[in-house]
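Participant: Next come the chains, spelled out residue by residue.
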Amino acid sequence: MRKAVVFLEYAGKSVIDYISAFGDGCLFLLRVLFSALTPPYQLSLFIRQMYAIGFQSISVIALVGGFTGAVLAVQGVYTLSKFGATAYTGSAIALSLIRELGPVLTALMVNGRAGSAMTAELGIMKISEQVDALRAMAVDPIHHLMVPRILAGLISVPLLTAIFILVGIGGGYAVAVWNLGLSSGTFLSVMKQSVDSVDIFSGFSKSLVFGFCVSWISCYKGWTCGFGAVGVNRATTSAVVTSSVVILVLDYFLSSVLTTVLMP
Amino acid sequence: MISIRNVHKRFDAQIVLSGVSLDIERGGTTAIVGPSGTGKSVLLKIITGLLHADAGEVRIGSDSMTGAASGRERRRICSRMGVLFQGAALFDSMNLLDNVAFPLRYRGEIAENEIIARSLDMLDDVGLKNRALSFPGEVSIGMRKRVGIARALVTRPDVLLFDEPNTGLDPEMGQEIYDLIKETHRKYGFTGIVVSHEIPEVFQVCDRVVMLYRGEVQIDGTVSEFLACPKPVVRQFIAGSITGPIEMC
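Chains as they are written, first to last, in this note's numbering: chain A, 1 to 264; chain B, 1 to 249.
Hints are computed from structural coordinates only; laboratory data are not their basis. Positions of the beta carbon are idealized from the N, C-alpha and C atoms, including for glycine. Take the hints with a grain of salt, since some may be wrong.
Claimed, not checked - One-sided and incomplete, this derived list gives chain B residues near chain A with beta-carbon spacing under 7 Å: (1) Val83; (2) Gly87; (3) Ala89; (4) Tyr188.
Stated by the list, open to error - Pulled from the structure, derived: some chain A residues nowhere near chain B, Cβ distances all over 10 Å: (5) Phe7; (6) Gly25; (7) Tyr78; (8) Ser81; (9) Ile124; (10) Val139; (11) His144; (12) Gly185; (13) Phe201; (14) Phe212; (15) Phe227; (16) Val240; (17) Thr242; (18) Val245; (19) Leu254.
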């Protein structure tokens, strides 16, 4: 009985803590949104973040995209050959990448590469009084640090997703056509027939939501970072884990909703 | 110039400031001293608007920092002040010149060539013009503090606050910082507040001493009044003794 009470207490406290943190995160987001609408608009800071989050992620995104497409080709040809449907390999690769793997894997890669860096940088700025220094210089740290990062994350992830998908299809094409002997014409024409604007819209919507979530969570965790190296460590780990879980959970719900709403 | 009236601050159950009242005259330099954990840095953060007081009022000239209705109003008052933080708090991603130029660039009131010229002049004042393109990670903590002073002064603030300016420095470098505070005070005529627990070293830069203990002002007077104060708490602090009414944190 005693153990059950302790467990219930622990579970209750955890739930309250999660709800409280979510509410705090929402208030933080409201401040960011309000601040984003307030001048001055600092384009140079936004461009710097686009470079850090977007441009510097291109090579790793392209690499992962290319090999993901290649693996899809190998597995696709193997699976579809059992049904005598290898001609549909191009379609399977493109739809998988556009609707699912492109947005999800890009968001996870950006989360691991740029999201963690964002949290660590903001956390270190906080514990070394750089955030206080901004305030003391009459600079709003939300406006100066958070707005450019969240906007850059929001815009970078869909663009990186497009690169991931294009390189992925290229990788899939290379393996399927040059290595596994599929017809180039069949690969491309079947792919063209099966991919609809609805699929592209679905993938783009997901990547927009994921980009927003990754940058929001990363910035919030950096903003609320605890003291010392341990605080930065915990904040960074928490940001990466929370963002990854949110991406995968949201992916299911977005897939369900978008499929229901957009499918005729 | 700065008026602090009946300021209270607590963190959970811990009372940090309990009815602190002070008046700091324009152009002078006041040292706020006291043992560690007595609320000196908290008071400094309340003066700069980085922390909110639970009760009481802080006025910078005619502006009420504690009564500022909005963040924008508070930032306007902040723009009249400069702060040197304990660790200098330079931005790691910028070189020393960009660090000093940062507040001017953010305000956007003067042309870029003038910003560069004024920032280089400030770096020259602190003896670091030749390291303008170095990054904070490439220079010593003493140099970072000097750049911190240059950055705090570049906007020509009315008030300059120093939070433990000698923390982490050896005695020689610490003396260099005190010399720099004296020199810049003479040149720019700001109203200075120096938070420190280092006595008698801090006396060379101040004309007034306020001692805090348990969140209350123990004495507020000139250096000689402070040194002659008969209160046991003050006597123990001056003597640096471990026996007496001061509880060690």
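Participant: With reference to the structure, classify each hint as holding or not holding.
Facilitator: The hints, checked one at a time:
Taken as an interface hint, B/Val83 checks out: its beta carbon lies about 4 Å from the nearest beta carbon of chain A, inside 7 Å. Hint status for B/Gly87: holds, given a least beta-carbon distance of 6 Å to chain A, under 7 Å. Satisfaction of the interface hint for B/Ala89 is found here, the shortest Cβ-Cβ separation to chain A being roughly 4 Å, below the 7 Å cut-off. Using the Cβ-Cβ criterion of 7 Å, the hint placing B/Tyr188 at the interface with chain A is not satisfied: the shortest such distance is roughly 17 Å.
Residue-level check passed: A/Phe7 sits 28 Å from the nearest beta carbon of chain B, beyond 10 Å. At the 10 Å boundary, the C-beta of A/Gly25 stays outside the reach of chain B, the nearest C-beta of that chain being 20 Å off. Distance check on A/Tyr78: its Cβ is at least 48 Å (rounded) from any Cβ of chain B, clearing the 10 Å threshold; non-interface status holds. Distance check on A/Ser81: its Cβ is at least 53 Å (rounded) from any Cβ of chain B, clearing the 10 Å threshold; non-interface status holds.
A beta-carbon of chain B comes within 10 Å of the beta-carbon of A/Ile124; the shortest separation is about 8 Å. With a cut of 10 Å on Cβ distances, A/Val139 falls inside the contact zone with chain B, its closest approach being about 5 Å. A cut-off of 10 Å between C-beta atoms contradicts the statement that A/His144 is not in contact with chain B; the least separation is 8 Å. Distance check on A/Gly185: its Cβ is at least 51 Å (rounded) from any Cβ of chain B, clearing the 10 Å threshold; non-interface status holds.
A/Phe201, annotated as away from the interface, keeps every beta carbon of chain B farther than 10 Å; the closest lies near 38 Å. With a closest Cβ-Cβ approach of about 24 Å to chain B, A/Phe212 is found to remain outside the 10 Å limit, as its non-interface label requires. A cut-off of 10 Å between C-beta atoms confirms that A/Phe227 is not in contact with chain B; the least separation is 13 Å. Distance check for A/Val240 against chain B: the nearest CB is about 22 Å away, which clears 10 Å, and the non-interface claim stands.
The Cβ of A/Thr242 lies farther than 10 Å from every Cβ of chain B, with a closest approach of about 25 Å, so its non-interface assignment holds. Residue placement check: A/Val245 keeps its beta carbon more than 10 Å from all beta carbons of chain B (closest about 30 Å). At roughly 35 Å from the closest C-beta of chain B, the C-beta of A/Leu254 stays outside 10 Å, upholding its exclusion from the interface.
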